[in-house]
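Engineer: Given only the sequences and the hints, what does the whole structure look like? Please build it.
Going down the list, the sequences are from chains C and D.
Using my numbering, read the first sequence as starting at 1 and increasing by one per residue.
Using my numbering, read the second sequence as starting at 1 and increasing by one per residue.
None of these hints come from the bench; they were simulated from the model.
There are no misleading hints in this set.
Stretch by stretch, here's where chain C covers chain D in the computed footprint (C-beta under 8 angstroms, at least three residues): (1) 32-45; (2) 48-55; (3) 78-89.
Computed list of lysine to any residue pairs in SDA-like fashion (alpha-carbon distance at most 20 angstroms, straight line): (4) D/Lys53 x C/Ala158; (5) D/Lys53 x C/Ala159; (6) C/Lys55 x D/Val55; (7) C/Lys115 x C/Thr22; (8) C/Lys71 x D/Ser28; (9) C/Lys55 x D/Thr82; (10) C/Lys55 x D/Asp51; (11) C/Lys55 x D/Ser24; (12) D/Lys53 x C/Gln105; (13) D/Lys53 x C/Ser98; (14) D/Lys53 x C/Leu50; (15) C/Lys55 x D/Gln26; (16) D/Lys53 x C/Ser46; (17) D/Lys53 x C/Tyr53; (18) D/Lys53 x C/Asn59; (19) D/Lys53 x C/Pro51; (20) C/Lys75 x C/Ala130; (21) D/Lys53 x C/Glu52; (22) D/Lys53 x C/Ser107; (23) D/Lys53 x C/His102; (24) D/Lys53 x C/Leu97.
Just so we're clear, the structure is a prediction, and the values are computed from it rather than from any experiment.
Even glycine gets a Cβ: it sits at the ideal position worked out from N, Cα and C.
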Amino acid sequence: MEDNTSEAHVDSTLMSWGPENTFNRHLTDQWPYAIDANDIILYSGSDYVLPEYRKRGINTELYFFALSQFKYTIKRLASRNTTTKVKLLLLYGLSALSDYDHVGQGSSRTPLIAKIFYEFLQAINIPIFALVSHRFQSMWPIFDMKTSKFIFVKNENAALMYENVLIAYKEIKVN
Amino acid sequence: MKILLSSMGCFMTISFFASDINHSIQYSVATQKDIPSLLQLMDCARSSAEDCKRVVIAPAHVQEEYLKEGIEKQRIFIAKDTATDRIVG
Chain C
1 MEDNTSEAHV DSTLMSWGPE NTFNRHLTDQ WPYAIDANDI ILYSGSDYVL
51 PEYRKRGINT ELYFFALSQF KYTIKRLASR NTTTKVKLLL LYGLSALSDY
101 DHVGQGSSRT PLIAKIFYEF LQAINIPIFA LVSHRFQSMW PIFDMKTSKF
151 IFVKNENAAL MYENVLIAYK EIKVN
Chain D
1 MKILLSSMGC FMTISFFASD INHSIQYSVA TQKDIPSLLQ LMDCARSSAE
51 DCKRVVIAPA HVQEEYLKEG IEKQRIFIAK DTATDRIVG
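Structural biologist: Right, dumping it as structure tokens:
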């Protein structure tokens with residue numbers, strides 16, 4: 001991780017759901033985080049649904065379907081070591097119009113994406129004790145397909161887009 | 001261990017359906033024959049000023065390069081309207 005990532009970091013939020021699926025965000029100072037060799041990183045590119053097909057849950061189903069393609073791999077990797085804190089990271093970009101503003105106000109697609117991610121992990125029996133969202137602007141954490149590494153790159157459209165990292169902290173089994 | 005949200009899906013042909021009043025939507029992994037329809041979907045997003053602002057889309061030459069390389073299509077998940085065989089998401 002490069003030294004200037006703290007300047008690129010916008011905010012961190014602890015996420016939770018209450019009764020009747022009420023969504024809660026709590027700003028947290030849980031930063032910086034360290035990426036461990038045991039961590040599992042998923043990178044999601046863009047998604048799009050034709051306007052006339054929206055508001056039918058198609059994107060939600062599609063996200064869940066995509067995650068489901070990796071359920072056996074994720075479960076195997078997440079279960080292989082219970083002595084260290086395995087984190088599951090989901091990286092995705094949001095345009096500024098689809099995300100909270102710079103001070104965390106307004107609306108965002110993150111709660112829905114986080115809910116899908118959380119419910120997916122629940123569905124494959126990976127217990128999670130915390131879900132934290134980190135946002136970046138001037139530098140983006142991305143998964144580099146060519147090098148298969150998690151790297152930070154300069155965001156050429158910093159005013160228009162945020163990169164989000166959802167981190168699910170896996171519970172550790174106590175023997 | 002890093003996983004792209006999509007690789008290895010190419011070995012699975014699992015699809016499932018979600019019905020609503022008017023349509024049945026099939027979810028699957030994109031294949032070679034879906035490429036033209038996928039490019040149309042990207043054009044549709046780019047042709048809408050509002051959607052362009054709301055959807056993070058990689059430059060066309062980047063996406064098409066991956067499509068041509070035969071890599072990315074194995075990692076693209078599609079929603080298809082079975083009534084029209086059109087990719088809708």
